[in-house]
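Participant: Please put together the full structure from these sequences, using the hints given.
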Amino acid sequence: MVKKFIILGYGNPDRGDDGVAYYLLQKLIRQFGNDADILTKFEEVGVCEVNEQIDIWYNLQLIPEISQDLAQYENAIFIDAHTAEIPEPILITKITPKYQNSPFTHHLTPASCLSLAEKLYQHAPNATLVTIRGYQFDFSRELSPQTNVLADSAFEEISRLIAE
Amino acid sequence: MTQKITIEPVTRIEGHAKITINIKDDGSVEHAYLHINEFRGFEKFCEGRMVFEMPLITPRICGICPVSHHLASAKAADAALGVEPPRPASLLRELMHMGQIIQSHGMHFFELAGPDLLLGFDADPAIRNVVGIIQSNPTLALQAVNLRKFGQEIIKTTGGRKIHPNFAVPGGVNKALTVEERDDILSKLDENIATIKAGLEIFKGWAAQNVGQINEFAVFSSGYMGLVTPENSLELYDGKIRMVDKTGSQLELFPASNYLENIAEHVEDWSYLKFPYYRKMGWPAGVYRVGPLGRLNTCEKIDTPMAQEEFIQYRKMNDGKPIENTLHFHYARLIETLFAAEKVRTLLEDADILSKDILNTHHNYQGEGIGVIEAPRGTLFHHYWVKKNGQIEKLNLIVATGNNNWAMCEAVDSVAKRYVKGPDVTEGMLNRVEAAVRAHDPCLSCSTHAVGQMPMVVDVRDLQGNLLNTIKRG
Numbered sequence: 001m002v003k004k005f006i007i008l009g010y011g012n013p014d015r016g017d018d019g020v021a022y023y024l025l026q027k028l029i030r031q032f033g034n035d036a037d038i039l040t041k042f043e044e045v046g047v048c049e050v051n052e053q054i055d056i057w058y059n060l061q062l063i064p065e066i067s068q069d070l071a072q073y074e075n076a077i078f079i080d081a082h083t084a085e086i087p088e089p090i091l092i093t094k095i096t097p098k099y100q101n102s103p104f105t106h107h108l109t110p111a112s113c114l115s116l117a118e119k120l121y122q123h124a125p126n127a128t129l130v131t132i133r134g135y136q137f138d139f140s141r142e143l144s145p146q147t148n149v150l151a152d153s154a155f156e157e158i159s160r161l162i163a164e
Numbered sequence: 001m002t003q004k005i006t007i008e009p010v011t012r013i014e015g016h017a018k019i020t021i022n023i024k025d026d027g028s029v030e031h032a033y034l035h036i037n038e039f040r041g042f043e044k045f046c047e048g049r050m051v052f053e054m055p056l057i058t059p060r061i062c063g064i065c066p067v068s069h070h071l072a073s074a075k076a077a078d079a080a081l082g083v084e085p086p087r088p089a090s091l092l093r094e095l096m097h098m099g100q101i102i103q104s105h106g107m108h109f110f111e112l113a114g115p116d117l118l119l120g121f122d123a124d125p126a127i128r129n130v131v132g133i134i135q136s137n138p139t140l141a142l143q144a145v146n147l148r149k150f151g152q153e154i155i156k157t158t159g160g161r162k163i164h165p166n167f168a169v170p171g172g173v174n175k176a177l178t179v180e181e182r183d184d185i186l187s188k189l190d191e192n193i194a195t196i197k198a199g200l201e202i203f204k205g206w207a208a209q210n211v212g213q214i215n216e217f218a219v220f221s222s223g224y225m226g227l228v229t230p231e232n233s234l235e236l237y238d239g240k241i242r243m244v245d246k247t248g249s250q251l252e253l254f255p256a257s258n259y260l261e262n263i264a265e266h267v268e269d270w271s272y273l274k275f276p277y278y279r280k281m282g283w284p285a286g287v288y289r290v291g292p293l294g295r296l297n298t299c300e301k302i303d304t305p306m307a308q309e310e311f312i313q314y315r316k317m318n319d320g321k322p323i324e325n326t327l328h329f330h331y332a333r334l335i336e337t338l339f340a341a342e343k344v345r346t347l348l349e350d351a352d353i354l355s356k357d358i359l360n361t362h363h364n365y366q367g368e369g370i371g372v373i374e375a376p377r378g379t380l381f382h383h384y385w386v387k388k389n390g391q392i393e394k395l396n397l398i399v400a401t402g403n404n405n406w407a408m409c410e411a412v413d414s415v416a417k418r419y420v421k422g423p424d425v426t427e428g429m430l431n432r433v434e435a436a437v438r439a440h441d442p443c444l445s446c447s448t449h450a451v452g453q454m455p456m457v458v459d460v461r462d463l464q465g466n467l468l469n470t471i472k473r474g
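Going line by line, the protein sequences match chains D and U.
Taking the working numbering, the leading residue of the first sequence gets 1, the next gets one more, and so forth.
Taking the working numbering, the leading residue of the second sequence gets 1, the next gets one more, and so forth.
Here are the computed lysine to any residue pairs in the SDA-like style, where the Cα-Cα straight-line distance is at most 25 angstroms:
#, chain 1, residue 1, chain 2, residue 2
1, U, Lys-156, D, Gln-68
2, U, Lys-188, D, Glu-65
3, U, Lys-156, D, Leu-39
4, U, Lys-188, D, Gln-72
5, U, Lys-149, D, Val-45
6, D, Lys-98, D, Tyr-121
7, D, Lys-98, U, Leu-118
8, U, Lys-175, D, Leu-39
Simulated from the structure, these hints should not be mistaken for laboratory data.
Facilitator: So this is what it looks like as structure tokens:
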């Protein structure tokens, strides 16, 4: 049976605002979760059930194996930080399967993951990318004040997407 | 009027690189530069931290190769505290390391480099990616994803955690291996070795059809460096550091503790990443390459049977002399992946791998420690100066990609001069320049992952800096 939602957060919580997705996943667990224990284990278990409708997944970066999990869902929401090259503080955009090569290094985009799911496992979920502007990417486990505020707004948007 | 072409990945604050190509009036390339704009504040950040924290902190340098830093850090801490891990702990650390090699090398060949080679540099970007390969061989594509997953599972099984490993500690490790865990890994080994061998056949088949390209694409001489066993066999976890010259003759064989006597770093004002070189030969005569090509030129044999068989074929290409062709990084990388998989079996069949004797707590403070390991990309050094109370006084890191900085720059320059003919710079030309860097499997991301498409931007400028043209990929 295809489950309704998977929410994928990625980024490094030790690099300031790069970890905004990590913090948003924690908020989602607190808001929607059936089991408080998830807060202590979600970053280690791969796909983790929040409730009957929603699973979450966290990693430092997107990896090819996630395509196998993606194929099991109707809908996916990807959460990440973005830099100043994107003007909107919070960007919410539909994404479709499209494989993109990284110029140099081991790096996958959400669209690439969807493409792998579609090609390898014959199904890609309806997908949305939510990115939040980051201001500080130093070695820190805290969000900048600006990103902290934006994260709260992004959380409301994600909650609305889940409820639709 | 000379033109300047800039290729720059965007949407990254740090850890990205830029390529600048200076074009002369006749359209030929004057010079090409690879600029590394990597943030290197990590050493400062760690000063004052406790040495036992370093194997936990340093994996956070990079989301791509955290295990390499984790293990090199533990080895540096071992040395600084004067503590020798029990043999079972070293076996377990090496097992984790082999998982890292398998997942990293496997992903690089099948998902990153494979499309360049198998679909051609001039192929439509829409298909010149792993999806193009999937469409032609979906079974192999699934196997490739599973190969990476297999390597990751070895890391998770040994370390008990998927990311941010908390496994290697000064004096050993903190988790033993169970019989069930050992048997689970062993049960999946043969199918993954088959995938690696399939990759090797794919590469060799491609190479046989593209001899001309391989012999023209970024072929140049250098020294080479890598870890070796006492018998000069390939070694990825421990051993001494061997340097050879362009003919394969030994220049040096030294322990990690002597690296500063043998390696110096040159600085250029157009790159934040320094250029390591062999000190006794000076700059630039002492330049060297590391990573798969460097390692297979440095060693004289491989101690596992299947990889040794491949190695013999590999070295025959240049009559036993070092292989200088940049595209053979991919071939060497696959041979190393095969070695790592065979090594997994050797380690798991060692009776000590299940031992509970995994931690030595008797310290003999030394004050300074150096840990070296062969990361997937090359030789990685962690050097710590530690106070008596255990605080880090200062540290020095030479990351694997840094050791290959000169090589990447040389490859970019060589390929640009051969294939780029301005002012109309085609996608195919730029693909080749990109492929020259990609062959080295560099790690430039420094663990930030802000969105996210990594498009390439080419700015064509005149000498006054006026933008003449912009080409964007992605």
